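> Below are the chains, spelled out letter by letter.
There are 2 protein chains.
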Amino acid sequence: MFSAQNVAIIGVGLIGGSIGLALEERRLAGEIVGVGRRQASLDKALARGAIGRATTDIAAGVAGADLVIVATPVAEIVEIVCRALALAPAGALVTDAGSTKAAICDGVAAQSSDSRRFVGSHPLAGDHRTGAEHARANLFADKTVVVTPGASTAERTTSQVEEFWQSLGAHVARMAPNEHDQAVAATSHLPHLVAAALAASTPAKWLALTATGWADTTRVAGGDPTLWTQIFAQNTPDLLAALDRLVATLEQTRESLVAADWTQTEEHLARAKRIRDALGN
Amino acid sequence: MFSAQNVAIIGVGLIGGSIGLALEERRLAGEIVGVGRRQASLDKALARGAIGRATTDIAAGVAGADLVIVATPVAEIVEIVCRALALAPAGALVTDAGSTKAAICDGVAAQSSDSRRFVGSHPLAGDHRTGAEHARANLFADKTVVVTPGASTAERTTSQVEEFWQSLGAHVARMAPNEHDQAVAATSHLPHLVAAALAASTPAKWLALTATGWADTTRVAGGDPTLWTQIFAQNTPDLLAALDRLVATLEQTRESLVAADWTQTEEHLARAKRIRDALGN
Numbered sequence: 001m002f003s004a005q006n007v008a009i010i011g012v013g014l015i016g017g018s019i020g021l022a023l024e025e026r027r028l029a030g031e032i033v034g035v036g037r038r039q040a041s042l043d044k045a046l047a048r049g050a051i052g053r054a055t056t057d058i059a060a061g062v063a064g065a066d067l068v069i070v071a072t073p074v075a076e077i078v079e080i081v082c083r084a085l086a087l088a089p090a091g092a093l094v095t096d097a098g099s100t101k102a103a104i105c106d107g108v109a110a111q112s113s114d115s116r117r118f119v120g121s122h123p124l125a126g127d128h129r130t131g132a133e134h135a136r137a138n139l140f141a142d143k144t145v146v147v148t149p150g151a152s153t154a155e156r157t158t159s160q161v162e163e164f165w166q167s168l169g170a171h172v173a174r175m176a177p178n179e180h181d182q183a184v185a186a187t188s189h190l191p192h193l194v195a196a197a198l199a200a201s202t203p204a205k206w207l208a209l210t211a212t213g214w215a216d217t218t219r220v221a222g223g224d225p226t227l228w229t230q231i232f233a234q235n236t237p238d239l240l241a242a243l244d245r246l247v248a249t250l251e252q253t254r255e256s257l258v259a260a261d262w263t264q265t266e267e268h269l270a271r272a273k274r275i276r277d278a279l280g281n
Numbered sequence: 001m002f003s004a005q006n007v008a009i010i011g012v013g014l015i016g017g018s019i020g021l022a023l024e025e026r027r028l029a030g031e032i033v034g035v036g037r038r039q040a041s042l043d044k045a046l047a048r049g050a051i052g053r054a055t056t057d058i059a060a061g062v063a064g065a066d067l068v069i070v071a072t073p074v075a076e077i078v079e080i081v082c083r084a085l086a087l088a089p090a091g092a093l094v095t096d097a098g099s100t101k102a103a104i105c106d107g108v109a110a111q112s113s114d115s116r117r118f119v120g121s122h123p124l125a126g127d128h129r130t131g132a133e134h135a136r137a138n139l140f141a142d143k144t145v146v147v148t149p150g151a152s153t154a155e156r157t158t159s160q161v162e163e164f165w166q167s168l169g170a171h172v173a174r175m176a177p178n179e180h181d182q183a184v185a186a187t188s189h190l191p192h193l194v195a196a197a198l199a200a201s202t203p204a205k206w207l208a209l210t211a212t213g214w215a216d217t218t219r220v221a222g223g224d225p226t227l228w229t230q231i232f233a234q235n236t237p238d239l240l241a242a243l244d245r246l247v248a249t250l251e252q253t254r255e256s257l258v259a260a261d262w263t264q265t266e267e268h269l270a271r272a273k274r275i276r277d278a279l280g281n
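Going down the list, the sequences are from chains C and W.
In terms of this note's numbering, the first sequence opens at residue 1 and continues consecutively.
In terms of this note's numbering, the second sequence opens at residue 1 and continues consecutively.
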C-alpha cells in the first residue's frame, strides 16, 4: 500500500485537485503541497481541502517531497518534470498525468539525467470541465490509469507509482508510451476531434432542434481548446491514423446509403451496437 | 387545453408508452387504448399503466378514438396511418411520432382521401433504449415536438395536435416536412451515423482504454439498428448532405493538423466549444 510523508502536486486543476482530495480522504500522505502558477487556482484547491499548503515556487514546493505529480497542461510537462527531478530530494519519484505519453517520456529521458526516477502516467478519468472546483475524491475509483515506463525508468519507480494509483482506487495498465499514444488517439483524441467537427458542422439555424443524441455525441467538444490543441500537437501522426480509419468507415456507410443497400447499412449499425453495448453505459 | 374521451396509441414502445403514461398522469383522456402486433409488448404497457385496454386488432382499437397516435417504426407508419384514417370515426384526428416526416406526410397525402385529418409529429425526446419498460410520464416535458402539416392537412388538425403535445408539457415547433428532415438529418441522424462509425472504427484491442469521452460520443450507437436503418432509408439525401458537411469539416481540421497549424486547430476547437456550450449540458 502506498503512503508518503510528503506529496507535491504541480498543477491543481481537476486532475491535480482530485488527486489531493483522494489522498486526503484516504489519509495516504502526511502533507500535500500544491504548486501552481496562479494564486487563484491554489486558493481554490486550498478551499476545497485538496492541498494542505500552497506555493507558486516549484523549488519550495518539491523540497521535501517523496512523490511529485505533474498535472499541468501537456505542453509544460517535460520542462516541469525535469525541474522537479533536479529540485526534489534524491530519492523522490516523479510522475505526470498527461494525455499523451511518448513526447513526454522521450523528452524527459533526453533532457534529464535523473529520468530513472520518472515514469509517465495517464489517468483515464476526467471531465470536460476543468478546475479544482470540479475535483472529486472518487475521480479515479475503478478507472484505469496507464503507466508508461521508458527505457531509462527504474523498475522501482514504475512499481511505486503503480501502487500510488492503486491506492486511489484505480486499476493500472502498464504500456509502452508509443502503444499508449496509438490507443488513446482512437479512444480519446479522435472522439474529441469528431465531436468538435460535428458541433461545428451543424448549421446554426437548426441548433434549436438538437436533442439528447446531439448533446451526448458532442459533449466532449466543450473541453478546453488550448489543452486539446496541445494534446493533438503531441500525438499528431497517431491521431491522423485514427481519423483515416474513421473516414474510411464513414465512406463505407456512405456507399451503402448511396446504393440504398439497407441490409449492409443495418449490418454496419448492428456491428457498431455490439461494440458499444459491450462497454455498458 | 387538450382532452379526449378516447385516445388510441398504435405501437406501445418507449414513445407510445410514455404518451400513455403522460396522458394518464395528467388525466387528459377518458380511455387510453393500446394497439400492438405483439401481445407481450401490450402486456408490458398494461403493466406499466400506460394504457387501460389493449388489442392487436387495429379496427377495434381505433373504433371509438378521438385521437390516434401512430408510434411504430417509421417504415410502417404510412400504411398504419391510412388504415387508422379509414377505420376511426369520421371526426378523429391522426398523428404519428416518427423521426422522418416528408416520406410519411407525402405517403399519407398520396394514399388516403382523409389526409386533412392527419398531421405529422416528431417528438425530439427519446432514449437509445426501447420498449414500454423504459417509458416515463415526463419524457416530453420541456422537450420540442415538431409538427409538420402537409398541403392537405386541415388547420384544425394541426392546431388540435399541437394542443395535444403542449398538454404533455412539450413545446411545439411548426415546420414543413422537408425542412424538418433537413434539420434532423444534421441534429439527429448524422450524430447516430457518426457515433456508429466511431464505435466501429475503434480497434478492438484498445476498447479497454475507453473512458467517458468515448462513451458519451458513441452512446447513441446503442440504438436499434433496424429502426435507424429505416430512418436513414427515409431521409437519405438530407443525411448525405449532412455527412458531406461533416467530412468537409473533418478535412479542414486534418489540414490544420498536417500543417502543424496549432493556431488554426485551436480556432476550430474554440468555435466548436462555443456552439456546444450555447446548448448547455
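Hints are supplied without guarantee of correctness; some may be wrong.
Note: identical chains are not told apart, hence a pair may lie in one copy or across any two.
With a cut-off of at most 20 Å between alpha-carbon atoms, the simulated SDA-like pairs for lysine to any residue come out as follows [unchecked claim]:
id, residue 1, residue 2
1, 143, 2
2, 205, 113
3, 205, 245
4, 205, 258
Think of the hints as simulated: they come from the structure by calculation, not from any bench.
Nothing here was measured: the structure is a model prediction, and the numbers come from that model.
> Against each hint, give a clear statement of whether it holds in the structure.
Structure-based check of all given hints:
1. Within a single copy, residue 143 and residue 2 get their C-alpha atoms as close as 18 Å, which meets the 20 Å cut-off; across copies the closest is 49 Å, which misses it.
2. In this homomeric assembly, residue 205 and residue 113 never come within 20 Å of each other (Cα to Cα): the closest approach is 57 Å inside a single copy and 35 Å across copies.
3. Within a single copy, residue 205 and residue 245 get their C-alpha atoms only as close as 31 Å, which misses the 20 Å cut-off; across copies the closest is 15 Å, which meets it.
4. Taking the shortest Cα distances, residue 205 and residue 258 never come within 20 Å of each other, neither inside one copy (26 Å) nor across copies (31 Å).
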